[in-house]
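J.: Take the two lone chains and join them into the complex the hints point to.
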Amino acid sequence: MNRFTWQSALFLAPATITLLLFAYWPLLQDVWLSFHSWNMVSPTMKFVGLQNYLQLLSSDELIKILLNTVLYILVLVCVNFIFPYLLSFIIAHRLNRFSFFYRSALFIPSTVSLAVASILFLWILNPLAGPLNIILSAIGLESPRWFKESGLVIIVIGLIIGWKVFGYNLILLVAAMVDVPKELIEAARLENVSNWQLFRRIIVPMTSSTALYVFVITVVFGLQYVLVPVNMLTQGGPDQGSSNLVYIVYQYGFVFFQTGKASAFAILTMLIYALFLIVKTKVLDKKVHYEN
Amino acid sequence: MKINSYRDWYWHILLLLAVVIQLWPLLFMLSTSFKTMDQIFLSTLNPLPAKPVIDNYLYVLKNLPLVQYIVNTLLIASSITLAKIITSILAGFAFVYYEFSHKEKLFNTLLLTFFIPITVVMMPNYLLISKLGLLNTPWGVILPQLADGMGIFLMRQSMRNIPKPLLEAGRLENASPWVILTRIILPLIKPSVIAMGIVFFINSWNDYFWPLLILHDKPTYTLPLALQMFISAEGGSEWGIAMAVAMLTALPPLLLYLTCQRFIMNTFMQSGVKG
Chain A
1 MNRFTWQSAL
11 FLAPATITLL
21 LFAYWPLLQD
31 VWLSFHSWNM
41 VSPTMKFVGL
51 QNYLQLLSSD
61 ELIKILLNTV
71 LYILVLVCVN
81 FIFPYLLSFI
91 IAHRLNRFSF
101 FYRSALFIPS
111 TVSLAVASIL
121 FLWILNPLAG
131 PLNIILSAIG
141 LESPRWFKES
151 GLVIIVIGLI
161 IGWKVFGYNL
171 ILLVAAMVDV
181 PKELIEAARL
191 ENVSNWQLFR
201 RIIVPMTSST
211 ALYVFVITVV
221 FGLQYVLVPV
231 NMLTQGGPDQ
241 GSSNLVYIVY
251 QYGFVFFQTG
261 KASAFAILTM
271 LIYALFLIVK
281 TKVLDKKVHY
291 EN
Chain B
1 MKINSYRDWY
11 WHILLLLAVV
21 IQLWPLLFML
31 STSFKTMDQI
41 FLSTLNPLPA
51 KPVIDNYLYV
61 LKNLPLVQYI
71 VNTLLIASSI
81 TLAKIITSIL
91 AGFAFVYYEF
101 SHKEKLFNTL
111 LLTFFIPITV
121 VMMPNYLLIS
131 KLGLLNTPWG
141 VILPQLADGM
151 GIFLMRQSMR
161 NIPKPLLEAG
171 RLENASPWVI
181 LTRIILPLIK
191 PSVIAMGIVF
201 FINSWNDYFW
211 PLLILHDKPT
221 YTLPLALQMF
231 ISAEGGSEWG
241 IAMAVAMLTA
251 LPPLLLYLTC
261 QRFIMNTFMQ
271 SGVKG
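Chains as they are written, first to last, in UniProt numbering: chain A, 1 to 292; chain B, 1 to 275.
Extracted from the complex, chain B is given alone in its bound form (with noise of 0.2 Å):
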């Protein structure tokens, strides 16, 4: 039942095109941060620099606190990832392994937060954060971030899957709680939790407006709020060093992904993510 190979060569032009509009900034950006301040304005739109330079990074690597602003982006990112990682579990788990009155309720009291704008929520959190002392420090950032509804309905959805002997086994050996979710369960669910840290950290990494709220000292800035300092009001000509953070920003969660791409696609393609 194959379709003629080449019958469909006019959806492959479409789609090359939409490969190329999504493809072709990020070229641009990698491109620009090593072309010198000629080539930038001299050759724009050749995406090979005729003489690639690493200037631009060697500027701001001297230029910059930027080995901070890693490690502070480092520190919030992963921080948040393994909260938000362990409560998951632990209230998927709940949720999956007991029975109790208004579980349906809360659960969905719960995931409605995925839907609760960050501009309702900011002001309060905002007042909270800084009547705790904790204004311009990293803990401001994470303290929020905890928790996740996502996560707690992904963590249900994959402990569901279990098949019930398996728990029932447990349950006969009068195992403990703790040691059916850390020995049976979380053996199984391996993959989605994975792909789900993988989701959180990128997200966190890249995360802007809320790190903008709580963090005004410069040495206490992520890699995205760094590249605030690149606009000024007339758009700036600083483009390759612009260009150069932006690539050291956006790097990490590339990286992530392209490496752990196929495994990512495939939790994505099971566990459908159905509303």
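With the rest of the complex left out, here is chain A (with noise of 0.2 Å):
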């Protein structure tokens, strides 16, 4: 192998020096932030020590937020992780035919904009002119106003990315699906093993490097989608119904212009993200079989 030179410097460079500033310096400016008063225009900055954390953790807000966040996320996991998973395995092991189908069908919506998927959801769910009302009153139900009703809203809207996510999820669930032996599939069919015992003894333990790859991004993405429906159908509304732990910190950095308590909110995400992301690798990734 080739030693280190300035050849092999210049090479990394340009990727290297990106990503250093616009993703590691800013995160290192969000605790400066997180520990100043700042309207984002004034010239002064406010040294407030931890204040805007404490006003976080002791409002009221908090709560409501994360258990819109909680329900969003529960929302997700199942239509863009469990749902995918036992289709996946459908696709990949119980058809002879049109297998290829479903897979190019089903992935279509995550080529679509969630910004027209938001304006396309808007129009199927319009409570007085849309198609879903029609169909609801055409079998004596009334549709719920489904972007007014707080509970109801950051469902419908896990639905609308769940919507978009799906196919992704599942062309990579079918991928590692597909990798699992046929013979070993068929000898446990020989010896008439039910499915879901099958799909419990040798699919999930042989996909689970996968699986658990979908579920990390299942999550971590999914959080970051939810800002483009609630900002264009909802802004965190009703009386913040829709908003969330990422929403937040748009609507305190540039609606509330209160720099300091966005970045105190965007470091517990962070925090948050980081803790998922090491209990991932530290005790999840003991249990996961890996193929190599």
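Derived by calculation from the structure, the hints in this document are not laboratory data.
Take every hint as true, because none was put in to throw you off.
Listed below are several chain A residues computed to face chain B (Cβ distance under 10 Å; list not exhaustive):
| id | residue |
| --- | --- |
| 1 | 13 |
| 2 | 22 |
| 3 | 95 |
| 4 | 110 |
| 5 | 123 |
| 6 | 124 |
| 7 | 245 |
Note that CB positions come from ideal geometry on N, CA and C, so glycine has one too.
T.: Here it is, written out as structure tokens:
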């Protein structure tokens, strides 16, 4: 192998400099900003120590925001992890024909912008003239005001994101399922093992590394995707009913111009992310079966 | 060892149901965009417009600087894609070709940026872009996105799969690293580079949030930002026009995917993105 030279530094420089400058440096700046009180335009900044954090932790808002976040993530884990996991098994090992068709067709919404998805579902879910309302009233039900009811709104937003991300995660999982040797599954079939047993004893252990990866991106990216529909459709409302750990940073930063509080929330998010990733590597990786 | 062809019919029903749920909204968007206002409200559910009209498209072409939005989006998405491809290839190459201390640490540091949420970086990056005077310019959107942690990971992965003797041969002939990269490695990993590029392009074309922070003047908007204009407090009623703009925003990524899908799927299947 070749030793490190100025040449290798040249190859590494563009990516390294960009990522340090626009990903790690902001992280440090956030820490600094979170100890200050500032409105983004004033020339002076006031050092307030831990005040931003204390206010954040003692506010009534926090509970609501965390609950919304948890509810949203539960929806995503169902729609973008559990469903695609089960379906990918069926597509890879329970079909003789059309598996390529299903894969391609189900993937299509993943190419659509979240901005498009948001406006599209705003129309589909329109409580007066929207198509879903027409279907519901045809069977004698009244359409709820999907984006105006606390508790419901965050679930609906989760489902919109779920619609978009589903196909992408499905493809990743099918790729892992295909790697499980057919012989193993045939052997199990000859011994009359039930589908459920087959899934638990063979499929889950043999696909666990990809499954874990998909689980992590479902949570980590799902949390960031929420920004688009929330900002386009509800701005966090009604009464913070669709706000969450990620959107609140935008609200404090760019709507209320309380940079310090926004940074404190950003750091809190980052800590939760980091904790999540550490738990993932430390605890779960031990139980995961890696093929190579 | 064929499974009886008719035994799996219930799986097909389940999957077809999933296909309907996934595709119906898009068909609905397509058909609404070709309906007149009357048809939109009178035959909402009918997927085929009685008399398809292109009025909605003509209206947006005439009343919006749509061409400008398309050019803006295209410029931003292509620049980001090109930059990310180049920086990822260069860095991926360095990680495969050179040996240096803390190599793994540096690699993991770069890869981890993939998991840093946009909310953490958005305020400091916004302040930096505004200090540089790049607000309301495409460059302000592009600059923070010149590199990609996942891209570096994917390029290193594909270059690792190249048989070592091929690289050794180049080295024995005293070829420079640059020649080895461009003459030996790049032709071999071309499929993964293109597939990665397609994914980068679709993602930047669709991006909404970072452009929202940087681009405030209407003439600088990208297509996803332009969609925002059709959302009024009470939900608005110009659905035909809104769906026409939504169609135009969704179409390029969709066509790109449909024409290259076998290729993208195969790369996905082989590269095996494994955490």
